[in-house]
Amino acid sequence: MRDLLQRLRRRHEFWLASVIVALCVALTLATDSFFTLRNLVDLLTSNAFIGILCAGLIVVLVAGGIDISFTATATVAQYLALSAANAWGATWLTLFLMACGIGVCLGAINAFFIVKFRVHSIIVSIATLNIFYGLLIYATSGRYIYALPDWFSYGIYWFETEIDGWPYGVNLQMLLLGLAFLSTWVLLNRTNIGRQIYAMGGNPDAARRMGFPVVRLQVFVYGYMGFMAGVASLAQAQFAQSVAPTILVGKELDVLAAVVLGGASLLGGVGTVLGTFLGLTLLALLQNGLVLVGVSSYWGQFVTGAVILISVSATALEAGRQRRLRRSAA
Amino acid sequence: MPAFLDLSGVSKRFGGVQALRDVSLRVRAGEVHCLVGENGSGKSTLIKIISGVLAPEPGGRIAIDGVEQPRLTPTRSTAAGVQVIYQDLSLFPNLSAAENIAIGRHLGGVRLVDRAAIRRTALAAMARLGVTLDPDAPVGELGVSQRQLVAICRALAADAKLLIMDEPTASLTRAEVDHLLALVRELKARGLCVMFVSHRLDEVLEVADRVTVLRDGALVGAYPAEGMSDARLSRLMTGKDFSYALKTDDLSARPVALSARGLSRAGEYADVSFDLREGEILGITGLLGAGRTELALTLFGMTRPDAGEIAIAGRTVTLDSNRRAIEAGVAYVSEDRLTLGLVMAQPVAANLVITVLHALAGRLGLIAPARRRKAAQDWIDDLAIKVSDPQNPVGTLSGGNQQRVALAKWMARRPKVLILDSPTVGVDISAKDGIYEIVGRLAAEGVAVLMISDEIPEVFHHCHRVMVMRAGRLSPPVRPVETSEAALREAVNA
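These protein sequence lines map, in sequence, to chains S and R. So for the first sequence, our numbering puts the first residue at 635; every next one is plus one. So for the second sequence, our numbering puts the first residue at 550; every next one is plus one.
I should point out that these hints are in silico values taken from the structure, not numbers from a laboratory. Any given hint might turn out to be false.
Claimed, not checked - Part of the chain R face toward chain S, derived, beta carbon under 8 Å:
1. Pro623
2. Leu640
3. Phe641
4. Pro642
5. Asn643
6. Leu644
7. Leu656
8. Val659
9. Val662
Stated by the list, open to error - Stretches of chain S that chain R covers, calculated by requiring three or more beta carbons in the stretch to come under 8 Å of a beta carbon on chain R:
10. 814-825
11. 830-838
12. 842-856
No residue lacks a Cβ here, since even glycine has one placed at the ideal position from N, Cα and C.
Make the full structure from the sequences, and use the hints.
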């Protein structure tokens, strides 16, 4: 039992989960509206966009890269796929194929410059963010799309039941959020590709020497991020009931913040899907909780920043303590 | 005996540089074969050719296990049973030991991970080697020697028949080296060929059956290890004779430059006292982790002692930062010159003057480029640093020349006390000779030198007095003429 506690203490996820539990208890005691099914559903639905992108970005960070162009990718995918659906008609399947296909292509453009010209991924993705977004705004003049296909506007509502006079069910956002995290978890932990991605992020030179298909892995990683951007874009458009080309770009740092808070390292090779989910949850709860207790949303930004700083400092301190412990044990 | 690996007439050019010229190499089945040569002698190129990373010029012949290999690729070389353990070990620090060992299972195709099979593979490799490691421990948390075991297990799991180890002992303590050499003999007993590449000739002679010597890209010859001596081997490698007379001068009348009295720091060193005199080279040897580097860091003001006093030129000083130590006249050339000592991406010239920028500054604190250039050029001439253009990054220099730059950087301050931490780690015999010459000259000019090294011959031959550090405690100094290498070695390992 003590052994288990010792092991847990060393896990970043354990501390995140503890803080989340404490925050939940505090918010439940402080407000009537936090611990309700309504609020839980709202939380999941409104955070699905950020969450699905987190499930893509963790893969990029584990591989040792970074991407910040995915919000522009999502905007482009959303705009083109739904415009096409309006013009020629579509089904759920073809709509997703279009959005995700566009995402994969734009991701592959990132990978091309990163692999071919060995430009650092942050530089490439800053450039492509501006290119993708700039071209879209130029081509569309920033016009919103309010008229969406009826079936899309209605969305899905599985396992619908009525509780206290309110209808509840699994909506599109929840479904996609769940699938995104599940697929990333399977990818990173259960497939050899995922383990190759961890290995490449941990020691790229060794990966090359061991004969890993490094180029193919990079293309896959940025393609996967693009795919998730396509999925996220549809979840967001369905939630917002419109396509607004100007509102997604700017959210990329929220995604990065959640993933880093979840324990992923910008140096690659480190990070877990569970940690990412907890990081996302903590940030979502903080913002939700502050609104519920009636604090200005500007404080929400302040608190988000402070929590990230405290978390990464605490992790660094704990890692240093563990190192010293090991050294004195050795 | 049949040869497992048979190379003949192998050459390699890089542009205008002939890296290898008509080299032949035979590694017999079940032997431990050492490959020695100075930096730039072509060892690494030869290993890359054997592992299929580089293709030799047409005309060379390579046969592995009796099979001609006209077009060797990394995949084919691996399939034929050749495994290279590079100096950096090429492990994945974020993955578990088991996953590192069985990493080959992750290659090829797309499929689900079979964790049970990975564990089985890893445990089987450990059993073959007769070692026990925690299969679930992340490799980044293991010590250097354990990491090396992981790398060897990985090679075994990949069905190695010839194991090439590139400088495997570079970062190991003496006890760990002994353990590794025992392991190499064990591998040999199991019928594996081992090719051992090393700078440390005593180790080479301890473990090898035969030694192949390369010099300037050409084969000098292959010799049985039996009956070979250190001195003859270094002569074969360099074509020159290096013999050093012991330092016999008695400096006990010279003024004391640095004195330590009762220095202690919990968990690092205890009750350390010594006097270092002007013009003296005082050696400290001992095992890695004995507290040598920790003591050096205190003398350089990077850490503070819990107790004790430091005096420089007779005045007691409080060194609460390295800036204070530098002002007091202490200079420190670190063990890890690559990460601590030099700004690798910056030009040689900029590195040379980095410690004296304030002295070069004119009014308004601005630095005239001409003055900076002249100062840098003076040092390049003075220490005979081989650099085609002072504006080239330091990272492009050879190890020995980098070490000279690091030395010059500190000498520019005209220090009273120079602390050298393992000054010749990773440099070859000729470069070592250059460094010894510089250190000797500095001492002759009156600089007090504290030389920390785990190579006993080094402190024995180049210091006026030697102290041994063991578990944080320092033995009283002895003069080389009053002791022997063997006695020092015993004191270190006792």
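How the hints compare with the structure:
1. Pro623: This hint holds: R:Pro623 lies near chain S, its Cβ roughly 6 Å from the closest one there, short of 8 Å.
2. Leu640: 6 Å, holds
3. Phe641: 4 Å, holds
4. Pro642: At 5 Å from the nearest chain S Cβ, R:Pro642 passes the 8 Å test, so the hint holds.
5. Asn643: Since chain S brings a Cβ to about 4 Å from R:Asn643, closer than 8 Å, the hint holds.
6. Leu644: 6 Å, holds
7. Leu656: Nearest chain S Cβ about 6 Å off; hint holds.
8. Val659: The hint holds - R:Val659 has a Cβ within 8 Å of chain S, the shortest such distance being about 6 Å.
9. Val662: Given a least distance of 6 Å, the restraint on R:Val662 holds.
10. 814-825: Coverage by chain R holds here, the residue count being 3 at a Cβ distance below 8 Å.
11. 830-838: holds (count 6)
12. 842-856: It holds: at least three residues are needed, and the region 842-856 of chain S offers 4 whose Cβ sits within less than 8 Å of chain R.
Of the hints listed earlier, there is not a single one the structure fails to meet.
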